[in-house]
Amino acid sequence: MVENGIGASLKRKEDNRFLTGKGNYTDDINRPGQTYAYIVRSPHAHATINSVDISAAKSAPGVVAVFVGQDLLDDAVGGLVCGASVTGKGGEVNKVPPRNVLTMDKARFVGDPIAVVIAETLAQAKDGAELVAIDYTELPSTVSTANSDADGAPQLHEECPNNVALDWELGDKAAVDAAFASAAKTAEVELVNNRMVTNAMEPRAAVGEYNSGTDDLTLYVTSQNPHVHRLVMSAFMNIAPEHKFRVVAPDVGGGFGSKIFTYNEEAICAWAAKRINRPVKWTSDRSEGFMSDAHGRDHVTKAEMAMDADGKFTGMRVTSKGNMGAYLQLFSVSIPTLFHGFLLAGQYTTPAIYLEMRCVMTNTAPVDAARGAGRPEATYLLERLVDVAAGEMGLDPAEIRRRNFIKADQMPYQTPVVQCYDSGDYHASLDMALKNADYDGFGARQAEAKGRGKLRGIGLSSYIEACGVAPSAAVGSLGVGVGLWESAQVRFNPTGGVTVFTGTHSHGQGHETAFAQLVTERLGVPVENVEVVHGDTDKGQFGMGTYGSRSLPVGGVAIANACDKIIAKGKKIAAHCLEAAEDDIEFGEGNFTVAGTDKVMNIAEVAFTAYVPHNYPEGVEPGLDEIAFFDPLNFSFPAGAHVCEVEVDPDTGTLEIVKYTAVDDFGTLVNPMIVAGQVHGGLAHGIGQALLENCVYDEDTGQLVSGSFQDYCMPRADNLPSFDVDYCPTVPIHNPLGVKGCGEAGAIAAPPAVINAIVNALGIKHLDMPATPEVVWRAAQAAS
Amino acid sequence: MYDFKFHSAFSVDDAAAKLAAAEDGTVMAGGQTLIPVLKQRLANPSDVVDLSGAGLSGITNNGDSVTIGAMTTHAEVAGSSDVSAALRSVAEGIGDAQVRNRGTLGGSVANNDPAADYPAALLGLGATITTNQRDIAADDFFTGLFETALNDGEIIKSVTFPNATKAAYAKFPNPASRYAMVGVFAAQAADGVRVAVTGATDCAHRGPKLEAALSANWSPDALDGVTIPADHINGDIHGSPEYRAHLVVVMAKRAVAAAG
Amino acid sequence: MATVSMTVNGQAVSGEVEGRTLLVQFLRENLNLTGTHVGCDTSQCGACVVHVNGDSMKSCTMLALQADGAEVTTIEGLAQGGEMHPMQQAFQDNHGLQCGFCTPGMVMSAIDLVAKNPNPDEATIREQLEGNICRCTGYHNIVKAVQQAAKATGG
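Chains as they are written, first to last, in our numbering: chain A, 1 to 784; chain B, 785 to 1044; chain C, 1045 to 1199.
Bear in mind the hints are in silico, worked out from the structure with no lab data behind them. Built from N, CA and C at the ideal position, the CB exists for glycine as well. Hints may contain errors.
[As the list claims (entries may be wrong)] Lysine-lysine pairs mimicking DSS-like chemistry, simulated, CA-CA at most 27 angstroms apart: (1) A:Lys11 x C:Lys1195; (2) A:Lys572 x A:Lys599; (3) A:Lys13 x C:Lys1195; (4) C:Lys1188 x A:Lys599; (5) A:Lys274 x A:Lys302; (6) A:Lys13 x C:Lys1160; (7) A:Lys11 x A:Lys126; (8) B:Lys950 x B:Lys993; (9) A:Lys13 x C:Lys1188; (10) A:Lys58 x B:Lys823; (11) A:Lys95 x A:Lys173; (12) A:Lys89 x A:Lys302; (13) C:Lys1188 x A:Lys435; (14) B:Lys789 x A:Lys126; (15) B:Lys823 x B:Lys802; (16) A:Lys126 x B:Lys993.
[To be verified] Sample of chain C residues at the chain B side, in silico, Cβ under 7 angstroms: (17) Ala1056; (18) Glu1060; (19) Glu1062; (20) Gly1063; (21) Arg1064; (22) Ser1087; (23) Asn1097.
[As the list claims (entries may be wrong)] Not close to chain B: a few residues of chain C, all C-beta gaps over 10 angstroms, as computed: (24) Ala1046; (25) Val1093; (26) Glu1115; (27) Ser1153; (28) Asn1176.
Kindly produce the complete structure, drawing on both the sequences and the hints.
Quick look at the structure:
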């Protein structure tokens, strides 16, 4: 048994710097001669830009340079790219309207960047920005997800007639129609998946720096995937070739998807640093972030279920629209289609599923991946629909789920919507969750609450997600523009310390600890002798970054594979030194042993020998430093059952989550302490969506109404309970480490659990998120 | 933020003189509202006169009333045994712990944010605002959206709250900003029942319907059947006028229940 | 420009600032104490919380000149002799942080919380932390950390 290996709740290695103020976030970085950029943004949701006069700004005190879109075009800098090409109805691939780094013809949302003012100080840049005179002709705008494709709606892009970027369908329509035609009962729900602002606590930031002596460009940036940032800026934007361009994502204060994408301001800092030959820094204000960060979710959906007389699901039909915002961001249309549609089977055996998804352009900030990305949308509509179906059938919500679950012995299970699940025991996780939540005792608690004038409700959510993104061949065939493998390099230093380079990026997930535990488990090296390096394209091999709960299921396996290469090479060296045959060498807990003898050589000695190869096997290269790339064969499929219990005050509509029980199947837990923390955070995110968070644009003016924390309600400590978190693991067949990923589960599972609980408390069919006090109060009024 | 000249005032007279000498000056109390406003470049004063050294903080128990210096922080009021429980609960519910450590009574009252808590307490207790020029009854002080009876250059020195037989404040916070979406202060004051409402309209105000009902019968039940028309009630993404109007009655009931 | 002087983490410091310079800017830019963060512009997130004369305050909502003569403590000033403050230790022990960005402000607020409520229950901790927003932890382990620290400091 290796100490501090897999399964140990080791305290985090990264904590010391974060707790003592020694973190190094992008805005903490200052370079000699640094200038400050401030972005001039459109105050209008939709407007023709007639002229941009920068003359006054250019001569303002301290202003170094002012640039507009043409300046980037003059340097052949390309526009921002969409990495998705998803094939829709009629074989038509999604339209990709062009997007300049600084928009030139029209402003298409409030916050659309038009010019940049660069000055000696930030205050001077802001002062200068006030002098940029832009002549607009305001145009009518459209922000509605439901109506932006209507006849006569204001048009955003010539390339997208009727503001439609993609009309997509999935599944067997005829089979679904037949299921409905012969259904004993049907259920139907219309719902909104509310728009979210991701709001990592660290605002986005970038510092560009150019060395004219070497022609090297460096960008420090708040990124979840520095190599992808570099790739996009090199291959598509022509900012600098990859080999002359270093992208550093230092400590990053949360991402949740919003820091995957390459943004305008980041490209500006990189390009302008070279253009003016001085470092350029930009840090987002929170208000700026509300306007310009990619948002998440924003669907309007109708979902229907056909059932037989026993409540077995026979067919499901979903008609939905997804808001893409004013431009297609990096993943964009792939989220409401691939990442959403492929999960619509959920944990159920529904044999026929048909989804129509229309991706519409609106005068709002771009919408893209946010914690869960498509899977929360699928889970929410499905788990709401299942509860409505239970109501139609007169069945307990737990019972209708049980009748329809895929059974553990049916694994692997091919769903009708592409995904083939490899493992899971949904009955077991639901049973455990119901037990932990004391589901059977709910009636008594409800009666007791009634005596206090409170309405108590309980709600279930049996969710599944596909994460560990992803098999490159699979995603490539579906229209994702990159491979989604991961890489690792495991380097022994001559004195026995191990440096691990990972292509994933940690922005809160604790990779420096969990990945070190993996190496400790595999190589038997004390965990304090293992250092994990990430976030710098100059340190380590290419990698794809962190999103889609992929770091451990994909990046972790790459590390394990690199460790195995180390062991394989070490066996050759040990065999030579121990004068044994290579096949007789066994490795365990850090020691190479000649089988059946007490002849042993520690891996640290082997490493030293590899670097000081005086007595060394012939034909073996010196050094002990191995790279592995891992491309999984399938997604991983974390799943679980969550139970939420609420108490509603019918007089005001306020509610309290009195108990939240989570039972998750993440396979093997490398660091249970970290896993629980990921679940807690995901739950807060999901509960935030269900109860508090709503990004609102004014339907008439297109102005962002929820533009700060004053109006966009983030979950705070007093909004949330402590959580009851437990696990019901099964073994995934595709993942060599037996791990599944845990970062998104809470955000996926929680929204329907919360809403189902409220619906149960009020005895109604449905209410929309966020279930604010007024929404709940009105529903309670209508129900009573 | 636009730049400005910063001054520390050493007394109220010193503050008034510095303000008078400024081209377009403003006083700063705790700055918990003013600084965010300045950061957004929504104001551009030439001079900012800081009152924290002007000797305006402190709480005096006068027996039948309590006088609170304008620069007394919310945290100090919330922690004072000289202050009634009702007033302490108002101070305890303002902003967050850090805001309460800097935000002041005088700043809140002079700013008269439509969703601020203190104006309801001043109206509900029939307080008197003492400035460097005069005494102003709370009933005459809050005149409109961010508007007060203060003249240019007039600085609040203190507020005197008469004791009430019974009093309590019930607040329904805006879930995001934590300001009052609706707050109701109800009191059996020396001059009868006083009920004040904040958050619901453009300015804190007395609630005559609520006062009439409670004057007849000081009980939450007395408000059954009382309805507030939604005509002039605020509406936004957090709550419609109808919902806020409803909350006024619910909060009034809760205030009366809490007052005992 | 004006001169401001204060004691920060026990050291006398002074610098030239504008009237509009915020305390957080003075700490981060003049003193290079970048542990104090800025997470919003509406005084709500609490990433910038420091102690001024012993009380927790939002350094983004305070002018540097308002801290003239004050005793300021930042996250960098908590650990003594290489030993973390009990609150810092409790955050590590309970995994009360993930990305670390809200953490300095959260720790500073939590220390003030325990100073004023030596034996806080869970509800009190949650209410008193309303001025600090964390997106990572769901607060569960932050609450546990504060409870541990309160016990450790004799509450």
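Verification of the supplied hints:
Between Lys11 (chain A) and Lys1195 (chain C) the CA atoms are separated by roughly 20 angstroms; this keeps the pair inside 27 angstroms, and the hint holds. This hinted pair checks out: Lys572 (chain A) and Lys599 (chain A) have alpha carbons roughly 15 angstroms apart, not beyond 27 angstroms. Pair hint Lys13 (chain A) plus Lys1195 (chain C) holds up; C-alpha atoms about 24 angstroms apart against a cutoff of 27 angstroms. A C-alpha spacing of about 49 angstroms is found between Lys1188 (chain C) and Lys599 (chain A), which places the hinted pair above 27 angstroms, so the restraint is violated.
A threshold of 27 angstroms between alpha carbons decides the hint, and for Lys274 (chain A) with Lys302 (chain A) the separation of about 50 angstroms lies outside it, so the pair is violated. Between Lys13 (chain A) and Lys1160 (chain C), the direct Cα distance comes to roughly 31 angstroms. Violation of the 27 angstroms bound is thereby established for this hinted pair. The suggested pairing of Lys11 (chain A) with Lys126 (chain A) is violated, with an alpha-carbon distance near 43 angstroms, which exceeds 27 angstroms. Between Lys950 (chain B) and Lys993 (chain B), the direct Cα distance comes to roughly 19 angstroms. Compliance with the 27 angstroms bound is thereby established for this hinted pair.
Simply put, Lys13 (chain A) and Lys1188 (chain C) have alpha-carbon atoms about 20 angstroms apart, close enough for the 27 angstroms limit, and the pair holds. Between Lys58 (chain A) and Lys823 (chain B) the alpha-carbon distance is near 23 angstroms, which keeps this suggested pair within the 27 angstroms criterion. Under the criterion of a C-alpha separation no larger than 27 angstroms, the hint pairing Lys95 (chain A) with Lys173 (chain A) is consistent with the structure, at around 24 angstroms. Of the pairs offered as hints, the one joining Lys89 (chain A) and Lys302 (chain A) holds, with about 19 angstroms between alpha carbons and a cut-off of 27 angstroms not exceeded.
For a cut-off of 27 angstroms, the pair hint linking Lys1188 (chain C) to Lys435 (chain A) stands: about 25 angstroms separates their Cα positions. The straight-line distance between the Cα atoms of Lys789 (chain B) and Lys126 (chain A) is roughly 19 angstroms, inside the 27 angstroms bound, and the hint therefore holds. Among the hinted pairs, Lys823 (chain B) with Lys802 (chain B) is consistent with the structure: their alpha-carbon atoms are about 23 angstroms apart, no more than 27 angstroms. Of the pairs offered as hints, the one joining Lys126 (chain A) and Lys993 (chain B) is violated, with about 50 angstroms between alpha carbons and a cut-off of 27 angstroms exceeded.
With a least beta-carbon distance of about 19 angstroms to chain B, the hint placing Ala1056 (chain C) at the interface is violated under the 7 angstroms criterion. Interface hint at Glu1060 (chain C): violated, since its Cβ lies 13 angstroms from the closest Cβ of chain B, which is beyond the 7 angstroms cut-off. This hint holds: Glu1062 (chain C) has a C-beta 5 angstroms from the nearest C-beta of chain B, less than the 7 angstroms allowed. Taken as an interface hint, Gly1063 (chain C) checks out: its beta carbon lies about 4 angstroms from the nearest beta carbon of chain B, inside 7 angstroms.
For the restraint placing Arg1064 (chain C) at the interface with chain B, the shortest Cβ-Cβ distance is roughly 4 angstroms, inside the 7 angstroms limit, so the hint holds. At its closest, the beta carbon of Ser1087 (chain C) sits 5 angstroms from a beta carbon of chain B; the interface hint therefore holds under the 7 angstroms criterion. Interface hint status for Asn1097 (chain C): violated, as the beta-carbon distance to the closest one in chain B is roughly 10 angstroms, over 7 angstroms. Chain B draws Ala1046 (chain C) into its interface by the beta-carbon criterion, the shortest separation being 7 angstroms against a cut-off of 10 angstroms.
A beta-carbon of chain B is positioned within 10 angstroms of the beta-carbon of Val1093 (chain C); the least distance is around 6 angstroms. For Glu1115 (chain C), the non-interface assignment is confirmed: its Cβ lies about 14 angstroms from the closest Cβ of chain B, beyond the 10 angstroms cut-off. At the 10 angstroms boundary, the C-beta of Ser1153 (chain C) falls inside the reach of chain B, the nearest C-beta of that chain being 7 angstroms off. The claim that Asn1176 (chain C) lies off the interface is violated: its Cβ sits roughly 8 angstroms from the closest Cβ of chain B, which falls inside the 10 angstroms cut-off.
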